[in-house]
Amino acid sequence: MTSSPQRRIDVAGLVIAVILLVLAGVVWWDMSKLQILSPYDLGPKVMPIIVSGGLTLLAIGNAIGALRGDLPARESLDWKPIILILGGLACLIALIAFGGGFMIGTALLFAATSTAFGRRAFVTDFVIGAVIAVFVYLLFAKLLTLSLPAGPLERLF
Amino acid sequence: MEAFTSLAGGLAVAIQPANLLFALIGVLLGTAVGVLPGIGPALTVALLLPITFKLDPAGSIIMFAGIYYGGMYGGSTTAILINTPGESASMATALEGNLMAKAGRGGPALATSAIGSFVAGTIATLGLTLLAPYLVEIAVSFGPEDYFALMVVAFVTVSATFGDSPVRGLTSLFIGLLLGLVGIDILSGQSRLSFGVPELYDNIEVTTLAVGLFAVGEALYVASRRHVHEEKLEAVRGSLWMTKEDWKRSWKPWLRGTMFGFPIGALPAGGAEIPTFLSYATERRLTKHPEDFGRGAIEGVAGPEAANNASAAGTLVPLLTLGLPTSATAAMLLAGFQQYGLNPGPLLFADQPNLVWGLIASLFIANGMLLVLNLPLVGLWVRLLMIPQPWLYAGILVFATMGTIAANPSPVELVMLTVFGILGFLMRRFDFPIAPVVVGLILGPIAESQLRRALSISLGDPMTLLQSPISATLLAIALLALVLPFFLKGLGRFKAVED
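Residue numbers (numbering that gives the first Met the number 0), protein chains in the order written: chain A, 0 to 156; chain B, 0 to 498.
If you're looking for bench data, these hints aren't it; they were derived computationally from the structure. Do not take every clue at face value.
[Unchecked claim] Below, computed lysine-lysine pairings styled on DSS-like, alpha-carbon distance capped at 27 angstroms:
no.	chain 1	residue 1	chain 2	residue 2
1	B	K287	B	K247
2	B	K53	B	K243
3	A	K141	B	K53
4	B	K243	A	K79
5	B	K101	B	K231
Only chain B is shown next, with the shape it has when bound in the complex (with noise of 0.2 angstroms):
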């Protein structure tokens, strides 16, 4: 098997002392910072890639996968002893969970979905082992315009298909899109919606964007309505482990999770939040205790927990293998690999086979450190939870600023990351989803040379688009699957099994 004398070959990379320490520190920073209420995996990332800047390229991306990684499970964490999901996508584990945790069986809860998000990572990192080459050998196939296609597919879906609007949806994406045109032009070397302003010149930084949408933009929503809801704490009592009873409820959600975690996510279809309802309403039911869901059923946490997971490590498939970002953590991670020049795609796993290999053998031993490391450390998490929520907040922006302006030196980038603030808490306020305005911003600017390739190759005809046959049917899928929310009111609306 070809894929795995490569990934042997990834693994002697990741295995060096210099990168287990990485990946080591990764881990422990995503776990603490992800652990954060109201800090989702994509903040993690975007708040930690300052501390990257200057490290070698291997390094700091096996450090990044170690913080995605440690992100997820650091959400679920709150997501259990907290009823606030740090993003949709653990959504579905704090119903069940926090329940169970409320029931006096918190430690249960956390080690289901630890051990499920383990089984799940690591079967899901296994199906992008196998299934990154091939797909790399279609890619290779693929010409401008059919890239273009691909891209228009993951806009679509991203933004429209899923959500609970696909008007909001698009007005976010189109936002991000917007955002993506300010700077340089480099193919004509003309400014766009720059105003003269210098700093506009070099483009939009990401992560001033995603911090400025996800952090100032939660700390002032948060705010806003703190007198209408309250945040309450619930306490680890009891035993920490699973009984037999436990682990024969927990096995086949882990599973059937992983099932619906991994197509969905590597799939350009994006977000987590289908595959986690899917596998929630799928274990309430199949189970033999239909009594105890609505009272803390672990099924309930084990299956969404599983989906989360598998999700995450398939949106690593288009992402390394096509460069083509679903989420806004997989966004984020795309920014880590421009930071160095770096941009994933076929190339890369030509040009770089060490780092890219070296990267998903990380993702492997990520994996394995979080689940020894977890639960033997879930007190110390848990009193990261217990933090007052005023300095929470106050040190989350501070290391905003600080991040930013280390970033970017320079005034204009924090009036930036204020004005993406206030937007981020304005479409809080309206309901718009987040996620599609960050992707947006970084797959704009790359379908768009794309686009251009493809019309200077056939001098401006757009005919170029449905001509080629993967193009045409691309775009023909993307059609589909922007009609298709219109007349089927029902489709995001997974969220009505809440109720």
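This is chain A alone, in the form it adopts within the complex (with noise of 0.2 angstroms):
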């Protein structure tokens, strides 16, 4: 990696620098509530402190490289497929917590998915998740004896 010949601060890697400052506060933090055992030795809190303290070198560290805009070079962003299959998932998890099965959630994030990489046929690629939701389901809950959360659906089978 070549670092680009104009040195600009990289506002993105000062952001990585402060939500790593920030996660080892977090980790300090929790540390402090810890209770010792032993008079000894410091037991659970030790490797709490060594985190959080690395993270905050580490924090200075990215902050250096964004300051002098070491990053490397990167290429442009389309935001669309990322906020479909999130969605999916999203949905996946929604169908799940409120006990709508895996099987409709499955399908909808096979179709998010594959709109996103572009295909543009959604209903049928509805239709080709639920089969293998089908197909996932006898797998893994009638071969190999592992529980899915059931909804409706899945108590047919």
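Starting from the two chains in their separate frames, assemble the complex, guided by the hints.
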């Protein structure tokens, strides 16, 4: 990776540094609530102290890199497919959380992802996704006897 | 030779019909999933982990050996036929391999990579067989402080020494270490970083993290830049077989690649990237056909591919003898062991010799199966490559979410998967390496328990880490490995040979 010739301050890089600093703070705060059982050593606090300290140093390191514009160049970004995929995942999570079972959610996720990758056949893909969901359900639940969250559709099998 | 007696015992386990069947299923599944573009060996293992939940430990781990080697083979097929290496270790193979495929010599490129992988895998697994008993003997004398120091070495080499940027690599590692803190601390019974969420009390699942980072993250990343990059599949034209000339040009690179791959993989140094690029650079310098490089030289496929496979077998040395995973794939294998409450290390060799040696024997068998199956089945694998990209990634996400929810039936687990997916996307976008996060999550808690054991023996005196000569030496090596890249800015720049 060669750094870009014009050295500009990288705002995204600074945001990363701030996030790391916040994480370091959260780990430290969480550590301060732990109780030490043995009077001799720090027990459960040792590792959080190391992690928090390390994250603080790395926040500084990342900030220096951002100020010097050392981050690799990034390509332009298309947000629409990202929102589609995350939306599909959100629907799946909501359907499972509210007892809708996973089959409808899985079919939705399949159709949303394939739309995100440029296909324009939502209904067809929804049906394909549903078929795959049934297949996966039979494989996991019946053959491997793993439990999958069931909704009204799954109880038909 | 004691090692061969043990291996013979393992072979008796591995050739039981049921275990042969598991190895075969593993090899086929591993190749089929590994051949899919964007899926490297680590994700292959992570996606297939739920399938092995209900098997007995021996069968499941033998199946894993097959998946591991199968995923490696599959990955190189993708690298050659589409120029999208599923992981950095296949990058060197993709350079010349894809050019060969473009020039209509895809068949010989696949053949030299398959046979080279077999040769390298067999020699390296033999190396594992011979080396493991010695390392186990040394490891038995290690105290907790020595183990901790060894893990520090692994942390540093995996994240800082060989990457593009030590700061970004260490950042990835510490995110992994942070995730490793989440959950109830076994020794004191207190919860850390759980914020009252019950699902967080039993620690973060390595599979959820790996599938989120690799599968969901990759899908988001590829989708977001589809308008910039288009993948093109090269058809396999002409003969599959290598000519006499091809053989003559391949066998030395195979052996040299193995010599690079195995030692670097066996040291807790992590990453098959360095040996593959070393091998590529060496073959380029030694070749009698320098005019072919840049237009599809068979040496440039044979060497790196052998190095890649030898290093994959090499990483099993620290994994099995010391319980030290030095790559994302090794971390997934360790997770596979842990799901049965098995902890790789010297004790496992003493307690469960049949299991460990059965696994090692299965590696030989899986390697042979791949050689026999892969070339005749190459047409089938190519057809898998032709799955349209929208359906491919949609299918990957469906399988990823189903596997996650089957392992832990709770919507919270899917929320975590999604969050890790976003993390994986951002890390790809800002060029942070992914493997250190996975290694940090799985190795962090192990390192912590060793450190705390050492500290409680020394009544809290951290100087105990420097008083043991082994530990002091290892920590000095770790410090050197940490500082070196800042001075030698060119060390991680083997990628420059690409240009």
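Hints, one by one, checked against the model:
A threshold of 27 angstroms between alpha carbons decides the hint, and for K287 (chain B) with K247 (chain B) the separation of about 11 angstroms falls inside it, so the pair holds. At most 27 angstroms may separate the alpha-carbon atoms for a hinted pair to count; K53 (chain B) and K243 (chain B) exceed this at roughly 47 angstroms. With a C-alpha separation of about 12 angstroms, the suggested pairing of K141 (chain A) with K53 (chain B) holds against the 27 angstroms cut-off. Restraint check: the Cα-Cα separation between K243 (chain B) and K79 (chain A) comes to about 52 angstroms, which exceeds 27 angstroms; the hinted pair is violated.
For the hint linking K101 (chain B) to K231 (chain B), the alpha-carbon distance of about 10 angstroms falls within 27 angstroms, and the restraint holds.
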